[in-house]
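2 protein chains.
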Amino acid sequence: MKMKVVALAGGTGSAKLLRGLSRAKIDLTVVANVGDNFWAYGLLVCPDVDIAMYTLAGIADRERGWGIAGDTFAVLSQLGRLGAETWFRLGDMDMAASLLRTGYLRRGLTLTQATAKLAERLGVNDKILPATDDSLQTYVRTPRGLLHLQEFWVREKGRPRPIGVEYRGASRAKPTRDVGEALARADRVIVCPANPITSIGPMLAMRGFERLLSRAGGRVVALSPMVGKKPFSGPAGKLMKAEGLRPDSAGVARRYSRFLDAIVIDRGDIPLAEEIERTRVSCVLSDTRMRSLSDGERLARELLRA
Amino acid sequence: MKMKVVALAGGTGSAKLLRGLSRAKIDLTVVANVGDNFWAYGLLVCPDVDIAMYTLAGIADRERGWGIAGDTFAVLSQLGRLGAETWFRLGDMDMAASLLRTGYLRRGLTLTQATAKLAERLGVNDKILPATDDSLQTYVRTPRGLLHLQEFWVREKGRPRPIGVEYRGASRAKPTRDVGEALARADRVIVCPANPITSIGPMLAMRGFERLLSRAGGRVVALSPMVGKKPFSGPAGKLMKAEGLRPDSAGVARRYSRFLDAIVIDRGDIPLAEEIERTRVSCVLSDTRMRSLSDGERLARELLRA
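Protein chains in written order, with numbering that gives the first Met the number 0: chain P, 0 to 305; chain W, 0 to 305.
Since the hints were derived computationally from the structure, they do not count as laboratory data.
Mixed in with the good hints there might be a few duds.
To be verified - Computed list of lysine to any residue pairs in SDA-like fashion (alpha-carbon distance at most 20 Å, straight line):
no.	chain 1	residue 1	chain 2	residue 2
1	P	K126	W	S76
2	W	K126	P	G82
3	P	K116	W	E150
4	P	K126	W	L81
5	W	K237	W	E150
6	P	K116	W	G82
7	W	K116	P	K126
8	P	K116	W	S76
Only a predicted model underlies this, so the values are computations on that prediction, with no experimental measurement involved.
Start from the sequences, fold in the hints, and give me the full structure.
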C-alpha cells in the first residue's frame with residue numbers, strides 16, 4: 000500500500016515541493032488554498048488551485064512561478080484595448096480553465112467537483128482538493144483601505160503597508176468532507192513552504208480545520224518557507240509581522256504549533272532550533288532552498304521521513 | 000448636414016456593404032441582428048453585432064468574413080484540451096469583447112449600452128445599435144429537432160434539412176427606443192445583403208418593427224443577397240425555401256414588399272425585374288457581387304441614390 004500523504008499548498012513555493020512529491024511513490028492529495036481566489040472579467044480565478052493542477056499536470060511555468068508554460072496573453076491585450084484593467088495577468092490557456100470552472104459553478108457543481116473535472120482532463124493522477132467549497136477570501140488591511148490579496152500583491156505590488164489580514168467568509172466557510180476524510184486517513188500531512196498568513200492562514204481560519212489537523216492520521220510536518228527573514232517568494236515577511244509573528248522559521252513554527260509535529264528549517268537558521276523545540280515542534284535541519292527539481296525531490300523525501 | 004442613413008445588417012455579406020457605406024460622407028447607424036447571439040462558455044457572443052463593430056473599426060477579418068484579422072485561438076485550443084466543445088470558433092481577441100459584454104450585462108447595462116462602450120473603445124465613429132435589448136434567437140426546425148442557428152450552421156455545417164424557422168422571444172422582444180428614433184429620423188434605410196430569414200427575419204419578427212420601417216423618414220432600399228439562386232454567403236437559399244420563399248431576389252423582394260421602396264438586384268437577374276415591380280418595389284439593376292472594397296463603395300453610392 001502506498002503511503003497516503005496530504006499536502007497543504009499555496010502558490011509558487013508550494014509548487015516546487017509538489018513537483019518533488021509528485022515523483023515519490025505515494026498516494027498524494029493536495030489541499031489547495033482558496034483565499035487568493037479572485038473574480039476577474041466575470042470569471043472565478045483560483046491561482047493556487049490552478050498552480051497545483053498545472054504543476055501536477057507537468058505544464059506549469061516554472062520560471063515565472065504561475066500559469067502555464069508557453070501561455071500567451073492575446074485576450075488580456077485585447078481586454079486592455081477595450082478599456083479593461085489588465086493588472087491581473089491571466090494567460091489565454093489559463094483563462095480557459097477559469098471559463099470552464101465558472102461555467103461548472105453556475106451549473107451547480109462545487110469547486111471541488113469543478114477542479115476534479117479540470118484536473119482529470121489535464122491528466123493529473125494526484126488528487127487536488129480546494130480547502131473549502133465556500134467563499135473564503137484573504138483581504139489585507141492597509142492605510143489605503145482593505146485590499147483583496149490580489150489587489151495588494153499584484154495590482155499594488157505589495158507596496159502599501161499591511162496592518163493586518165482578514166479572511167472574509169471564514170466564520171461560515173467549512174473544510175469540505177473530502178478534505179476531512181483525506182486528513183483523517185493521511186499517513187502524513189505536509190505543510191508546503193507557503194505563506195503562513197495568506198496561503199495556509201485561510202485554511203486555519205476555518206472553524207474545525209486545526210482540529211482536523213490535530214486528529215490527522217499521521218504526523219504533520221512543515222517545510223518552512225523562510226530562510227533567515229526572507230520567504231522563498233511572495234510577501235510572507237511583511238504579512239507575518241502585520242499579524243504579530245516574527246518573520247522567520249520560528250514564527251512559522253509558532254503559528255503552526257497547535258498541530259505541527261515537526262518542521263524542516265534551513266541549516267543557516269540553526270540558532271532558531273532551540274526556540275522552535277520549546278514550542279514542542281521537532282526541528283529538522285536541511286538545505287531548504289529549491290533551485291532544481293532534485294532539490295524538491297530530496298526535500299520531499301526528507302519530509303516523508305521526518 | 001450629412002444624410003442620415005440606417006443600415007439593417009447581418010453578418011458576412013452585410014459587412015462588405017458596411018465597409019463601403021463607412022467610406023461615404025453620411026451619418027451612419029447600423030441596426031445589427033441579434034438572432035444569432037449565442038451563449039458559449041458562459042459568454043454572450045454576438046457575431047453580427049461584433050462583425051459590424053470590427054468592420055467599422057477596420058479590424059475585421061475580411062478573408063474569413065468573421066472575427067478579427069490576425070486573431071489567435073489559444074483559449075479555444077485549451078478549452079478543447081479541457082474537454083469542452085470547440086465547434087464555435089471564438090478567437091482570443093474576439094473573446095475579449097464577449098467577456099466584457101457579458102460583464103456589462105451582469106452589471107445591468109443593456110446590450111445597446113454594452114455595444115456602445117465596446118465600439119467607442121475600438122474607435123468606431125458610426126453608431127451600432129442591436130435591433131433589440133431583449134432576448135431574440137433564431138432556431139431552425141430540422142428532422143433532428145430544433146437547433147439554434149449556430150448549432151445548425153456552424154456545428155452541423157447547415158446539413159440537416161431545414162423545415163422552418165422560429166424566432167424565440169419575438170413575441171416579447173421590442174425594438175429599442177434608439178432603433179425607433181434612428182429609423183424615424185433616417186433620410187434613407189438600407190437593408191444590407193443579408194439572409195432575409197436569419198439576419199433580417201428576427202428584426203421583422205418583432206412586433207412593430209415593420210411599422211417602424213413603413214414610417215421611416217426616408218426611402219427603404221435593399222441590396223439583394225442573392226445572385227440567381229445563390230446567396231453571397233451562408234444558408235439563405237435553403238432557409239428561404241423552408242420558409243416558403245423562392246430562393247432568389249424576387250423572393251427577397253416579396254419578403255420585404257410591405258416596407259420596401261426599391262431593391263438593387265444583379266444584372267443577371269433581369270428576368271426577375273418585372274415580377275419584382277409587380278410587388279410595387281422598384282428594381283435597380285447593378286453588378287451586385289462585392290469582390291473588392293471599391294465594389295462595396297460603388298454599391299453604397301447606388302443605394303444612397305436609388
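Consistency of the hints with the structure:
no. : hint              : verdict
1   : K126(P) / S76(W)  : violated (24 Å)
2   : K126(W) / G82(P)  : holds (19 Å)
3   : K116(P) / E150(W) : violated (25 Å)
4   : K126(P) / L81(W)  : holds (17 Å)
5   : K237(W) / E150(W) : holds (16 Å)
6   : K116(P) / G82(W)  : holds (9 Å)
7   : K116(W) / K126(P) : violated (43 Å)
8   : K116(P) / S76(W)  : holds (17 Å)
Violation of the numbered hints given earlier is confined to hints 1, 3, 7; the remaining hints are satisfied by the structure.
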